[in-house]
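These protein sequences, in sequence, are chains A and B. Positions 238 to 521 (our numbering) are the ones given, in order, by the first sequence. Positions 3 to 294 (our numbering) are the ones given, in order, by the second sequence.
You may find that some hints are simply not true.
[What the hints assert, rightly or not] Subject to a maximum C-alpha distance of 25 Å in a straight line, what follows is the list of computed BS3-like cross-link-like pairs (lysine-lysine): (1) B/236 with B/10; (2) B/95 with B/112; (3) A/476 with B/112; (4) B/112 with A/406; (5) B/112 with B/99; (6) B/171 with A/272; (7) A/272 with A/252.
[Stated by the list, open to error] Rough simulated footprint, nothing fancy, chain A against chain B, three-plus residues with beta-carbon under 8 Å: (8) 104-115; (9) 118-124; (10) 154-168; (11) 217-226.
Just so you know, these hints were derived from the structure itself, not from any lab. The beta-carbon is built from N, C-alpha and C at its ideal position, and this holds for glycine as well.
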Amino acid sequence: MTYHLNPHLYSDDVKQEPTRAGFGRGLKAAGGADKNIVALCADLTDSTQMSIFKAAFPERFIEMGIAEQNLVTVASGLARAGKIPFTSSYAAFSPGRNWEQIRTTIALNDQPVKIIGSHAGVSVGPDGATHQMLEDIALMRVMPNMIVIAPGDSIEAEKATLAIAANGKPSYLRLAREKTPIFSTENAPFEIGKAYVLREGHDISLLGTGTMTYELLVAAKLLEAEGIQAEVVHVPTIKPLDDETILASVQKTGRVLTAEEAQWGDRRTVEREATNATVPGRYV
Amino acid sequence: MSGQLTVKQLEEKANDIRRDIITMLEAAGSGHSAGPLDLTDILTALYFDIMNIDPKRPDWPDRDVFFLSNGHTVPVQYATMAERGYFPVEELKTLRKLGSRLQGHPERTKLPGLENTSGPLGSGLSQAAGYAYSLQYLDHALHRFVYAVTGDGELNEGNIWEAAMFAGKYRLSQLTVFIDRNNIQIDGTTEDVMPLEDLRGKWEAFGWHVQEIDGHNIASIIDAASMARAITNKPSVIIAHTIPGKGVDFMEYDYHWHGGAPGVGVPNHEQAKLALKKLRTLNGRITPGDIE
Chain A
238 MTYHLNPHLY SDDVKQEPTR AGFGRGLKAA GGADKNIVAL CADLTDSTQM SIFKAAFPER
298 FIEMGIAEQN LVTVASGLAR AGKIPFTSSY AAFSPGRNWE QIRTTIALND QPVKIIGSHA
358 GVSVGPDGAT HQMLEDIALM RVMPNMIVIA PGDSIEAEKA TLAIAANGKP SYLRLAREKT
418 PIFSTENAPF EIGKAYVLRE GHDISLLGTG TMTYELLVAA KLLEAEGIQA EVVHVPTIKP
478 LDDETILASV QKTGRVLTAE EAQWGDRRTV EREATNATVP GRYV
Chain B
3 MSGQLTVKQL EEKANDIRRD IITMLEAAGS GHSAGPLDLT DILTALYFDI MNIDPKRPDW
63 PDRDVFFLSN GHTVPVQYAT MAERGYFPVE ELKTLRKLGS RLQGHPERTK LPGLENTSGP
123 LGSGLSQAAG YAYSLQYLDH ALHRFVYAVT GDGELNEGNI WEAAMFAGKY RLSQLTVFID
183 RNNIQIDGTT EDVMPLEDLR GKWEAFGWHV QEIDGHNIAS IIDAASMARA ITNKPSVIIA
243 HTIPGKGVDF MEYDYHWHGG APGVGVPNHE QAKLALKKLR TLNGRITPGD IE
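Please put together the full structure from these sequences, using the hints given.
Next up, the structure:
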């Protein structure tokens with residue numbers, strides 16, 4: 238399938254929006270389509286953009302206060318009662334503070350609770366190290382039954398929100414605070430578990446997840462000026478990983494570079510899994 | 003199913019369940035003894051009298067639900083469910099075995115009739131509160147009730163007090179929590195490890211209706227649950243004073259029987275034989291012939 242990139246991708250005034258804005262729109266749309274969707278927030282309703290859902294469906298919004306352990310465990314109980322709970326906070330707090338509760342009552346318990354971690358990554362900048370959540374991908378991708386998604390822009394975040402609302406599984410959605418360029422379009426595909434080749438090349442595979450994919454598209458353009466044809470692969474779903482698409486690219490180019498706002502140890506693991514020993518590639 | 007068994011019949015059922023627990027633990031060779039034995043009367047009352055349930059339809063949409071927060075006491079839940087007809091009593095011998103549905107801590111996805119997965123302490127009360135919130139505010143199912151059991155040592159966990167604030171704020175009146183107030187935890191007595199008193203005052207301050215009962219008096223347990231259902235503007239907590247290891251005199255009150263390995267925490271063969279005899283004779287008060 239052809240990926241529909243934003244035609245204004247490389248213009249100076251490319252439209253920018255935070256991924257959390259796409260989540261806010263997506264949750265409202267999901268709530269309109271399914272009355273079982275409920276939303277819980279730990280005192281960050283505007284910041285996480287859950288306020289859009291709250292305004293539309295106040296009877297299905299639950300204020301939890303600053304209590305992230307209770308946030309996810311109450312959600313587990315709601316899920317047992319047949320609801321599809323979305324929980325939101327900053328990623329540093331959820332899943333940062335309540336990892337064990339998520340593991341026991343949502344992942345092992347296999348309940349379709351959605352954990353929305355906003356303000357993830359170094360891009361939250363001035364808030365400092367305590368709030369720059371770099372460990373969340375590593376924490377969440379090792380859990381049983383858990384789906385992990387880091388959308389690349391606000392349009393994709395909206396699609397991902399609708400997708401996890403309907404997937405019946407525990408799911409983690411990683412969002413960013415700052416505005417980032419929109420590289421996709423409404424017509425671009427999004428499916429849980431799929432990676433997408435955004436730009437073809439034969440010299441090196443650039444794998445990106447979350448908002449880093451835009452940076453790789455910029456890098457590929459710069460490399461092209463130097464005569465290097467880079468292939469850009471966008472990997473919004475970190476678990477389950479689309480081995481097939483990633484391996485096909487790496488087998489073609491023989492080289493891999495990955496970009497994500499996460500800890501080094503985690504990146505190494507994903508690289509190794511994606512490009513296991515059968516591939517004659519090397520890291521750069 | 004209220005009222006189908008007399009209090010005396012419920013007491014006999016509790017005795018059967020305690021014997022199942024001893025047999026299971028001996029066969030498993032590890033696990034926890036004191037908690038399951040002291041919760042037996044409460045779970046017997048819940049499953050055989052208080053809760054509106056159907057073992058043949060564990061997911062019946064109109065059922066009452068039970069959340070075990072202190073998952074390590076699950077042998078009493080397994081034994082009670084088996085005696086109630088959820089699965090064959092014979093299966094109890096597979097406790098903690100590889101591949102068994104009856105793992106050392108409860109796994110909802112494995113055994114129909116379990117409402118939650120638990121083990122790490124402190125989160126079952128929140129799960130029960132989430133369910134109760136759904137019944138009260140989203141489903142408007144005022145005829146259904148949510149019951150939970152927590153340990154007392156478990157109240158050291160911060161998550162418990164987050165849940166207590168939440169249930170108090172939203173006045174989750176269909177939620178009733180039994181606290182197994184047996185005064186022991188692994189490192190010693192609760193008041194030495196991390197004092198809980200004034201326990202009644204704490205729950206009242208969080209906006210709960212509080213009752214204190216003898217957790218081994220089945221009539222009191224049933225009455226307290228009725229009172230809790232009648233309170234329509236607050237969640238209810240029932241502080242159930244219990245004797246750890248209840249029913250087997252050499253285990254009673256001794257925190258070393260919280261759990262562990264054969265001979266130290268769970269009964270070895272000789273101890274199990276003696277414990278079963280104690281249960282059969284009500285600690286020597288009657289001769290076996292009286293009840294055989």
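We went through each hint and held it up to the structure:
no. : hint             : in the structure
1   : B/236 with B/10  : violated (32 Å)
2   : B/95 with B/112  : holds (16 Å)
3   : A/476 with B/112 : holds (24 Å)
4   : B/112 with A/406 : holds (17 Å)
5   : B/112 with B/99  : holds (13 Å)
6   : B/171 with A/272 : holds (24 Å)
7   : A/272 with A/252 : violated (33 Å)
8   : 104-115          : holds (count 3)
9   : 118-124          : holds (count 6)
10  : 154-168          : holds (count 6)
11  : 217-226          : violated (count 0)
Checked against the numbered hints given earlier, the structure breaks hints 1, 7, 11 and satisfies all the rest.
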